[in-house]
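**Student:** Take a look at the letters that make up each chain.
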Amino acid sequence: MSIMQYNGGCLVGMKGKNCVAIASDRRFGVQALGLSTNFQRMFSVSNRLYYGLAGLGTDVQTLSEKFRMSVNMYKLKEERDIAPTTFASLVSSTLYERRFGPYFSEPVIVGLEKDDTPFICATDLIGCINFAKDFVVTGTSSEQLYGMCEALWEPDLEPEDLFETISQAMLNAVDRDALSGWGAVVHVITPTQVITRTLKGRMD
Amino acid sequence: MAPQDWMEAEKQGAVSHAFSPYTDNGGTSLAIAGEDFCLVAADTRQSEGYSINSRYAPKAYKFSNGAVLATSGMHADGHTLAKRLEQRLEWYEHNHGKKMSVGAMAQMLSTILYQKRFFPYYTFNILGGLDEHGKGAIYTYDPVGSHEREGWRAAGSGGSLVQPFLDNQIGHKHQQSPQVPITLEKALKVAKDAFSGAAERDIYTGDMAELFIITKDGVHVEQYPLKRD
Chain W
1 MSIMQYNGGC LVGMKGKNCV AIASDRRFGV QALGLSTNFQ RMFSVSNRLY YGLAGLGTDV
61 QTLSEKFRMS VNMYKLKEER DIAPTTFASL VSSTLYERRF GPYFSEPVIV GLEKDDTPFI
121 CATDLIGCIN FAKDFVVTGT SSEQLYGMCE ALWEPDLEPE DLFETISQAM LNAVDRDALS
181 GWGAVVHVIT PTQVITRTLK GRMD
Chain Z
205 MAPQDWMEAE KQGAVSHAFS PYTDNGGTSL AIAGEDFCLV AADTRQSEGY SINSRYAPKA
265 YKFSNGAVLA TSGMHADGHT LAKRLEQRLE WYEHNHGKKM SVGAMAQMLS TILYQKRFFP
325 YYTFNILGGL DEHGKGAIYT YDPVGSHERE GWRAAGSGGS LVQPFLDNQI GHKHQQSPQV
385 PITLEKALKV AKDAFSGAAE RDIYTGDMAE LFIITKDGVH VEQYPLKRD
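Each protein sequence line maps, in turn, to chains W and Z.
Mapping of the first sequence onto this note's numbering: position 110 corresponds to residue 110, and the numbering continues sequentially without gaps.
For this note's numbering, add 204 to where a residue sits in the second sequence, where the first one is 1.
Treat the hints with caution; some may be incorrect.
Below, computed lysine-lysine pairings styled on DSS-like, alpha-carbon distance capped at 27 Å [claimed, not checked]:
#1 Z:Lys393 <-> W:Lys133
#2 W:Lys133 <-> Z:Lys396
#3 Z:Lys420 <-> Z:Lys287
#4 W:Lys133 <-> W:Lys17
#5 W:Lys133 <-> Z:Lys431
#6 W:Lys200 <-> Z:Lys377
#7 Z:Lys393 <-> Z:Lys420
If you are wondering where the hints come from, they were derived from the structure by calculation, not from laboratory data.
With the hints as constraints, model all of the structure from the sequences given.
**Tutor:** Below, the structure is given as C-alpha cells:
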C-alpha cells in the first residue's frame with residue numbers, strides 16, 4: 001500500500017497552438033472505498049495560469065492553501081501577476097523545503113506566459129521540475145495517461161481539438177484505473193478566455 | 205560470506221540470501237481479433253534491470269495449428285511454455301488425426317498453467333488465432349490460467365500504456381463511431397502506433413515489434429523497427 005495510492009486521482013496537462021489545457025478526474029476515496037465525486041484538485045492562480053495536484057488528498061488541500069498564500073503575498077509585494085515559470089519555481093522550492101518529510105503530492109502546472117507562449121510543466125513530490133514540450137501526466141493512472149497522450153497528441157492543436165484530445169486521453173485512461181475517474185473536468189486556456197467543461201464519463 | 209561471518213551477520217540482524225527463481229525480462233505484447241483475421245504482436249527487446257540482454261529475442265511464438273502465443277514477463281518461462289504447448293499439439297494431432305482448434309488449445313493452456321499453481325510460469329499470455337467459424341479469436345491469461353476470450357488486449361510492461369489506447373481505437377470507447385468491425389489495415393496502424401507510444405515512455409519496450417497476421421491463408425509476419433534507446 002503506497003501512500004501515493006491511498007486516495008487516488010490523476011491529472012494531465014497539454015500544450016496546443018497558443019493555448020494550453022489541464023484536466024483532472026473527480027474521485028476522492030480511501031483505498032477501495034469511493035467517497036466523493038467532486039473532489040477539487042485543480043486550482044487557478046490567475047486567468048492565465050492553472051495548476052493541479054495529485055496524490056494524498058490532505059496534501060492537495062494544504063498545498064493549494066499554501067500556494068494561495070504565497071501567490072497573494074507575491075501579488076501584494078510585486079504588484080503584478082506571477083509568471084508561469086516563477087510559479088513553477090515557487091512550487092518546486094515549497095516542495096523541496098520538505099525534502100526529508102515530503103508532501104505526498106505531484107503537481108501539474110499549465111499557463112500562458114506574458115507573450116502568450118504556452119507553458120506546461122510538472123514536478124515530482126520533492127520539486128524536480130519537468131519542463132515538457134508536449135504533455136505532462138501525474139496520478140494513479142499516469143501510465144495509462146502516458147500511453148493515451150503519446151498516441152493521441154500532436155503539436156499545434158487548436159483549442160477545440162486540444163479539448164477533444166485531452167478529454168479522450170483522460171476518459172480512456174481512467175477507465176483502466178480503479179482509483180481514478182468518477183467524473184472529469186477540463187480547463188482550456190487561451191489568451192482571451194478560459195473554457196471549463198465537465199466531462200460525461202463512466203461513474204464506476 | 206564465510207561461515208565465521210554468519211555469527212556477525214546474526215548479531216547485526218537477519219540477512220536474506222534467498223535465490224529467486226523468477227526474473228522480469230520486460231517487454232510489451234498485444235493482440236486484436238477481427239472479423240476474419242487475428243493480429244498478435246510483441247516487441248523483441250529482452251531486459252533485466254537497467255540492462256538490455258538482447259535487441260532481438262522474440263516473445264511471440266507461432267504454432268503448427270496456426271495459433272500464435274504472445275508471452276510477457278519471464279522469457280525463460282514463456283519459451284518453455286511455448287515448447288510444451290507445441291509438444292502437446294503434436295501429440296493431439298497424432299492421437300486425433302486432426303489439428304487442435306484454437307478454442308481447445310485455449311482451454312488446454314489454462315490447465316497447463318494451473319498445473320503449476322504452486323510454482324507458476326511467470327508469464328502473462330495472450331493466445332490468438334481463428335475460431336472454428338473463421339473469426340478472429342484471442343484469449344488472455346493470468347500466470348495461473350485464469351482466462352477469457354476478448355476482442356483486444358495488451359500485456360507486459362507497457363500493457364497499462366497500450367490498453368486504454370486499444371479500448372479507444374478498437375473498442376470505440378468514449379466515441380460515437382459507427383459500429384463497423386475493425387479492418388486489418390486499421391488494426392495494423394493502431395498496433396504500430398501503440399508500440400511506438402510504448403517504446404517512447406516504457407524503458408523496457410523498444411528495438412523492434414514483430415506482428416503476426418493470422419488469416420485463413422496462414423500466418424504472415426511483419427517486422428516494425430522501434431526506437432533503440
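**Student:** For each hint, tell me whether it holds in the structure or not.
**Tutor:** Structure-based check of each hint:
Restraint check for lysine 393 of chain Z and lysine 133 of chain W: the C-alpha separation of about 25 Å stays at or below 27 Å, so the hint holds. Straight-line distance between C-alpha atoms of lysine 133 of chain W and lysine 396 of chain Z comes to about 23 Å, which keeps the hinted pair within the 27 Å bound. Restraint check for lysine 420 of chain Z and lysine 287 of chain Z: satisfied, since their Cα atoms lie roughly 24 Å apart, inside the 27 Å limit. Taken as a hint, the lysine 133 of chain W and lysine 17 of chain W pair is honoured in the structure, with Cα atoms around 12 Å apart against an allowance of 27 Å.
Note on lysine 133 of chain W and lysine 431 of chain Z: the hinted pairing holds, with a Cα-Cα distance of about 19 Å set against a maximum of 27 Å. Proposed proximity of lysine 200 of chain W and lysine 377 of chain Z is supported: the alpha carbons are some 13 Å apart, at most 27 Å. A C-alpha spacing of about 21 Å is found between lysine 393 of chain Z and lysine 420 of chain Z, which places the hinted pair at or below 27 Å, so the restraint holds.
When each numbered hint is compared with the structure, no violation occurs for any of them.
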